[in-house]
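Protein chains in written order, with the numbering used here: chain A, 1 to 253; chain X, 1 to 324; chain B, 1 to 744.
Any given hint might turn out to be false.
Claimed, not checked - Derived, one-sided and incomplete: chain X residues facing chain A with beta-carbon distance under 8 Å:
| id | residue |
| --- | --- |
| 1 | Ser48 |
| 2 | Val120 |
| 3 | Asn216 |
| 4 | Asn218 |
| 5 | Asp225 |
| 6 | Leu227 |
| 7 | Val285 |
| 8 | Val310 |
Calculated directly from the structure, the hints in this document are not laboratory data.
Ideal Cβ placement from N, Cα and C applies to all residues, glycine included.
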Amino acid sequence: MNSAVILKQVPDTEALIKVKPDGTGIVKEGVKFVINPYDEFGVEEALKKKEAAGSGEVTIVSIGPDRSVESIRTALAMGADKGVLLKIGEDEYSDALATAKALAEELKGKDYKIIFCGKQAIDDDMAQIGPMVAELMGLPCVTVVTKVDVSGDKAVCSREIEGGKEIVEVALPAVISCQKGLNEPRYASLPGIMKAKKKPLDIKDTKLDAPKATIDKWENPPQRAAGRIIEGDDAAAKAAALVKALRQEAKVI
Amino acid sequence: MAKEVLVFAEQRGGALKKVSFEMVSTGRKLADKVGGECAAVLVGDGVSGIAAELGKYGADKVYIVEDPKLKDYVPDLYAQAVAEVAKDAKIFIGGATAMGKDLFPRIAARLSTAMASDCVKLEAEGGNLVAFRPVFAGKAFVTIKISSSPQMATGRPKVFPADESAKAGAVEKVAITLDAPKAVLKELAQDTSGRLDLTEADIIVSGGRGMKGPENYNIIEELVDALGAAATVGASRAAVDAGWRPHSDQVGQTGKTVSPSLYIACGISGAIQHLAGMGSSKFIVAVNKDADAPIFARADYGIVDDLFKVVPEITKEVKKLLAE
Amino acid sequence: MDYQISREVFFNLGGPHGVPRLIVYAIALLVMAAFIYFLVKKIKVWRLGQPEKRTDKIVTRLWGIVEFVFLQIRILKEKLPGITHLFLFWGFGVLFVGTALIVIQEDFTLLLFDARFWYGAFYKWYSLALDLAGLFALIAVIVFAVIRYIVKPERLDNKPTDAISLILIFLILISGFINEGLRMAATEVSTNPKVAAMSEVLAGAGDEFLREMPELTDEQLISKANENPAFTDTPITEENVYLVRNGYYYDNNLAMWSPVGLTLARAFNSTMSEGGILTFHKINWWIHLLLAMTFVVYLMLGKLMHIITSSLNVFFRKLEPKGALKPIEDMENAESYGVAYSEQFTWKLLMDGDACTHCGRCQDNCPAWLSDKPLSPKKIVNDTNDNLYERAPQLFKKVASEEIESKALIGEANELDAVWSCTTCLACVENCPVMIDQVQKINEMRRYKVLMEGEMSKELTAAMQNMEKNSNPYGFGFHERGNWAEGLPIKTLAEDPDVEYLYYVGCAGSFDDRYKKVATAFVKIMAQAGVKVGMLGQEEGCCGDSARRAGNEYLFATLAQTNIETFKSYNVKKIVTTCPHGYNCLKNEYPQLEGGKFEVYHFTELVLDLIKKGRIKLNKSVDGIKEVAYHDSCFLGRYNDLYNQPREIIKSIPGTKVVEFTRNKSKSYCCGAGGARMWMEETIGKRINHVRTQDAIDKEYKTIGTACPFCLTMLSDGIKELGKEESMQTIDILEMVMKSMDIK
């Protein structure tokens, strides 16, 4: 079963994000970049499905600057077969729609039974690429998926909704956006890491459409005023003082 | 037809979601600023009856698309139906719920327009939408403007006030011939924990690495039970990665981003990726025995003590208070 | 005549010229051939393993034989079994050497140089030595039998070969003594008056006759005697020639030098006739011989093999720092990593399996085993060995490793949980009397699981990913690494590279809230003592200890190399650490990498030195603490022999004394966090930290002193989880020093 995984390189969850003083973006120096964690679930699921089918190829498709190669290689080390980087400049920006168009262009006409992607990238948190790519390619899309069972030309997916889940049956090919819980991404083996260095990785210079959604300004989050430490003789006294404050000052309980 | 501002009204099982009122109320304010009508679009089967409720929050008009096929959320069909109504709107907004997050990007792609997701502030400036939203799960914020039409955005639940402002709420039914769906809902499974989803809860009590093990979460559960039905249990990534709690409980950058009225962090030191996920909570309480834990810098109230002693005491106090 | 103070070779069996001697030599040749055949077979099996150089530093290696084989230093760590083994080893050893001396005289010195040494005063002492050696060995065998079959400690698993070996040795010793007794009954203390009379006759036969006599055949003796005037009254015939021979050695005084033999001889003489004694001797002699020959063959077949293999194992032992794991050579080009098939171990690790004596000391000291986990280091060694011999025949037929039908090394021969239960505390290695390296074996299997299969527990995977992304297992952002030191009198090398020591803080000092306080104490102490230390702040990375011990050699190498580059860029020479894991890693393992040699100290070394020099002044006792139970960190103690430094520091604090856990120093019980166990859930059996904390509770100790962040965490948790928070506490030595110096 051939499948593709849309992968984005993003700053690590623990990275310190600082907005540039001129408000035009974030400071990237000293930031560790990693595979978007939700995309990693996509890579794992694609590999699992390929292994279950016993044949097929997993292709990693990414848009980003040169450094994204490192993340594609990580996915190749996990077991993906080949990679494509639609290369843009480090500070080149466009919106999700333009990005989705470029991805759809790259993905179309290939024999991918499932196109996996993360439910969102943890940098811009837009959560738009999956459904947009699907719409642009005329494919169905299931988002926020925690389980995928493929049988023939159909897949049955579980997706998370508020307070429960939906079981959705979808015709393949389809786009599936992955949520934590779908699987445990494998730890790349050392032979995998070594082999990944030799797997095909196609780097294509790409020009994205001009954005229709533009970022006017970047800002640091509003500072919260420091709170107060509740003192007391023992745990019980502190607890009583807290509950009183929550009732009388904060009025939240 | 001057559809200056259109709001997607989300219903599940024939009942409108609270976020729908929040967004209609927001749409009302935008329409007033822009100078035009605030309309809502309601999709479902036999939903005419609930349309009037939207009027209470400021909808001048409600477009209704009714079809037995639309009883449950079917992404393709909903997208087709809503896009049909939204295509000539100037501004189109909805709640950033599971449904909204799924539906809006499809519509945007269909209408070849851009959108801003999960916004915490939506304003109008010179007749255009200005969206303010967190990125990096709240480590930074951006202001977005959209040049294409409709200007689309989703708003984070529980952030926008649902202010009442009675309007006509006239109903207009829209007839659409629906395509065959490519994905169909087979089953809707409710959570069996009986607790609210993190994103919908008013009070969240979270436990982190300081909980030491899964067996100790009972003290958190007991506090949540004492706090009532609006409360639920959360966890930090450390606790979820250790397998102590299911991933659906995780608050943080790779978990859920939440904005409850009260967030009680127990044994959570406050790693940046956790703070990112709960930083927009209205009131934050931290219980940690390390006075230097970063969580205290974000907390409104802090208790420096052993959570295993403090939390049961808080439970006792809460029970006492609520029994009065 | 001095020659008479000796005994006849092949006494009662035709003497030196008899047929039995030829038969014995023929049997001995066959037995030697069998011994060599079985030895070569073993060597061939060991050679199925991978190459490893263990022939450097020959003198050190040979000295090891003296220390660990002849002096039995390691074996003596356990008193009763140790001394018993020493008795048996030296007892049997002396008997062996004694027997060999006769062969040397008869087949070499006498043949080639016509020289004797086995007589006279030498023979007296020789007799006494062998007699006592036999007695000691016999006592040892009996004690061993009692331990093994009556006391039955858990560490011993009784296999048939144990019983066979003990019985064999017992019978050899007993039949030897019977031989001696019978021989003495017929010669030295014969009660046959004719023997005593013959002895009188011989006294007058002249020195020349007496000197020649032992060499003569019966025929020659008869003719020579009859020519000698002394024998005029007692003509010698074939019938009474034996009286000449036996009378030659008739000597009640000499008999005193063989007290055991003498006792038996008297017993035989009082119950048996001379004819009976001589017949019985003949039969018993052959039994003794065959038993001895069986022993030689059995040397390569069963339990007794350890006499050969353990000695070889000592010679080929690891001479690198004991705290250093063996690196994977040429990681870039290797085709596989770690060990999934027993033949992938190095030949030395395979030899370990045959060197093992099953004494169970490793198991007795293993924190995993003692907390009811499936790991026994002994089982790892033995089960791996069984697996090797299951595979060996097919390997000799050149069947490819993957195609060989046998139990899987990991998962079947060795339980996977056993492989992951190891805390790498080194208690097994340090307590093994025959220098087996259990920890390297376990690590090789972990390497396979992690590097080849990427398979490990969820929590460990997360820790490794954290190390990869943020260079610390906790998962904090790497940029936060230096934050703990804000406002403290220490700068980063980027700010001021001119320092005496680089303080390598490590992940715990940087991120663990509890241990940050210890790191802070260290910085304040150094400032007060006037020692200029600097740190790397966010340029510092994880040392890689946990990664390496979890089997992730690749991650270790990456982390280590990054640190080494950073150290080099600041021209760092001397490094001090507070964490023993970083200490061991930097000191013993970084030198395996290019440019990784630095002078590395642990704070206990540095602080003690400063106390001795008077630069650290300990003024007062700490919080009224009068006694501290010092818990040895494995990575300080067993890994680096820093047992005394921490104790000395505590003792230097006024009014403070050190009390000991029952299990201490090289037998100290791990806290449970080594070997990357810090980052794994402990779900099987008892919790190791609870067991250790209970040790202190049992002794009613109030304060546990530590010098390691992991120990501090584990024992603090132990105290809490066992509900002893009110009455017990943990404290790091540095915190005590700081308070005693009166630093706020």
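We went through each hint and held it up to the structure:
1. The interface hint given for Ser48 of chain X is broken, as the beta carbon of that residue sits about 24 Å from the closest beta carbon of chain A, more than 8 Å.
2. The interface hint given for Val120 of chain X is broken, as the beta carbon of that residue sits about 10 Å from the closest beta carbon of chain A, more than 8 Å.
3. The closest approach between the C-beta of Asn216 of chain X and any C-beta of chain A is roughly 16 Å, which is over the 8 Å cut-off, so the hint fails.
4. Of the supplied interface hints, the one on Asn218 of chain X is violated, with its beta-carbon coming no nearer than about 17 Å to a beta-carbon of chain A, more than 8 Å.
5. With a cut of 8 Å, the hint placing Asp225 of chain X at the interface with chain A is violated, because the nearest CB-to-CB distance is about 13 Å.
6. At about 7 Å, the closest approach between the beta carbon of Leu227 of chain X and any beta carbon in chain A falls short of 8 Å, and the interface hint on this residue holds.
7. With 8 Å as the threshold, the beta carbon of Val285 of chain X comes within range of chain A, its nearest partner Cβ sitting at about 7 Å, so the hint holds.
8. With a least beta-carbon distance of about 5 Å to chain A, the hint placing Val310 of chain X at the interface is held under the 8 Å criterion.
Consistency note: the structure conflicts with the earlier hints numbered 1, 2, 3, 4, 5.
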